[in-house]
Amino acid sequence: MENSNNHYCLSITPSSLELLSIIGFITLILIRVLYIIHRSSQPRSASSQQKPLSTLIVLGSGGHTAEMINLLNVLQKNSFTPRYYIAAATDNMSLQKAQVLENSWLNEGGVEEVGSAKFMQIYRSREVGQSYITSVGTTLIALAHALWLMIKIRPHVILCNGPGTCIPLCAIAFIFKILGIRWSYIFYVESIARVRRLSLSALLLYKLRMADQLFVQWPQLKSKYHRAHYVGRLM
Amino acid sequence: MAEADEDLKSRRTVFVTVGTTCFDSLVRAVDTQEVKEELFKKGYTHLLIQMGRGSYIPAKSTGENGSLEVDCFTFSSSITDYLRSASLVISHAGSGSIFETLRLQKPLIVVVNEDLMDNHQSELAEELAERKHLFCARPQTLYQTVADMDLGSLIPYQPGDAAPVAKLLNSFLGFPDD
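Going down the list, the protein sequences come from chains X and C.
Under my numbering, the first residue of the first sequence carries the number 1, and numbering increases by one thereafter.
Under my numbering, the first residue of the second sequence carries the number 236, and numbering increases by one thereafter.
Bear in mind the hints are in silico, worked out from the structure with no lab data behind them.
Treat the numbers as computed from the prediction; the structure is a model and nothing was measured.
Ideal Cβ positions, reconstructed from N, Cα and C, are used throughout, including at glycine.
Any given hint might turn out to be false.
Said to hold, decoys possible - So the derived label-pair ranges between C-beta atoms look like this:
| no. | chain 1 | residue 1 | chain 2 | residue 2 | range |
| --- | --- | --- | --- | --- | --- |
| 1 | C | R338 | X | H229 | 54 to 62 Å |
| 2 | C | R338 | X | M93 | 16 to 24 Å |
| 3 | X | R39 | C | P394 | 48 to 56 Å |
| 4 | X | G110 | C | E299 | 39 to 47 Å |
| 5 | C | E362 | X | I26 | 54 to 62 Å |
| 6 | X | R182 | C | E362 | 45 to 53 Å |
| 7 | C | E299 | X | S116 | 55 to 63 Å |
| 8 | C | K402 | X | K224 | 22 to 30 Å |
As the list claims (entries may be wrong) - Computed cross-link-like contacts, EDC-like style, restricted to lysine to aspartate or glutamate with a CA-CA straight-line distance of at most 20 Å:
| no. | chain 1 | residue 1 | chain 2 | residue 2 |
| --- | --- | --- | --- | --- |
| 9 | C | K295 | C | D259 |
| 10 | X | K222 | C | E361 |
| 11 | X | K97 | C | E361 |
| 12 | X | K51 | X | E113 |
| 13 | X | K224 | C | D259 |
As the list claims (entries may be wrong) - Quick partial rundown of chain C residues pointing at chain X, CB under 7 Å, derived from the structure:
| no. | residue |
| --- | --- |
| 14 | F334 |
| 15 | L389 |
| 16 | I390 |
| 17 | P391 |
| 18 | A397 |
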């Protein structure tokens, strides 16, 4: 059927083809994201001989590093290896403390028993008290740096407990999962200092379902956030 | 030597710590005559203040004329030894200071810094105070807290355990548990 403009009434114009492709593409991505979120809640299939998993450990100033060290001390070192420690560039103490910890393990058992460790710094998205406007720029820089580090490390496991530096890393790990680049198990342990309200990092990971497992240390948080796992106090 | 031992036995130190923060209002509150007199009345002999990044410097004192001996410093790589030799600790609400002190089973007054934005620290101090593991105060209420405190009412804090998390991680990742 032709009209006066010599166009077919039912013809599909190039722009609507593009539109359909975009909608289709977005739908596929959404389905993929939902699938990833669903699979993240499933445990890794058990087998008799589990290979060790490379582990990224995010450290932070304040109580974060102390709490993380407390957790690392009860983990099987040769299951979580090689270990990559990341701390903010402005944080001088955390990587030092991690090095002391690793050295103490090496003194107890050799490298074979304990595994190896590397220590890295990352640009911070936002310093405490920084204006939210300039934070946009610094966050972009931090994201780029995080991407660079994640491409290098591609960890199988990510352990974090709060500092804002973990958000770009976890976000990129999540994107890697979606794109099939690397499957990382993302574990977040909320700080013992959080009793009634989740930190911003935890809230983001919880709401966006980016963490495989999110642990809280006080019962008040468990009643507010049902998908979180209550593990009592770690310290 | 015997004299030094005598000294140590009768020495009861109040250790004040603000960690790596700036918490002038706490240092000022501790440095007031009324708080120092109240501490002296309660039998404390020394007041040692770790001031951190604060700009208010308390006046040192040798403690003659029946008063506290006052000393101060800014930072130390580890405050564990100071905590160990203290009879009472007055600390900012940082979780590190709090749990290190509770682990050493020292009586603790936590002072919350109200100048901090988004003061989540107060949640922890209040929860532990509710569970009677420490006393919680603000700089303005420090004197009252010191005057009213009954150390016998404090319940020792049982240290936590990270093993449950390790168990959960191992079972999630299919690692053997041992």
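Outcome of the hint check:
no., hint, in the structure
1, C/R338 / X/H229: 54 to 62 Å, "25 Å, violated"
2, C/R338 / X/M93: 16 to 24 Å, "20 Å, holds"
3, X/R39 / C/P394: 48 to 56 Å, "36 Å, violated"
4, X/G110 / C/E299: 39 to 47 Å, "58 Å, violated"
5, C/E362 / X/I26: 54 to 62 Å, "44 Å, violated"
6, X/R182 / C/E362: 45 to 53 Å, "39 Å, violated"
7, C/E299 / X/S116: 55 to 63 Å, "59 Å, holds"
8, C/K402 / X/K224: 22 to 30 Å, "24 Å, holds"
9, C/K295 / C/D259, "16 Å, holds"
10, X/K222 / C/E361, "18 Å, holds"
11, X/K97 / C/E361, "29 Å, violated"
12, X/K51 / X/E113, "14 Å, holds"
13, X/K224 / C/D259, "36 Å, violated"
14, F334, "5 Å, holds"
15, L389, "17 Å, violated"
16, I390, "14 Å, violated"
17, P391, "14 Å, violated"
18, A397, "4 Å, holds"
Consistency note: the structure conflicts with the earlier hints numbered 1, 3, 4, 5, 6, 11, 13, 15, 16 and 17.
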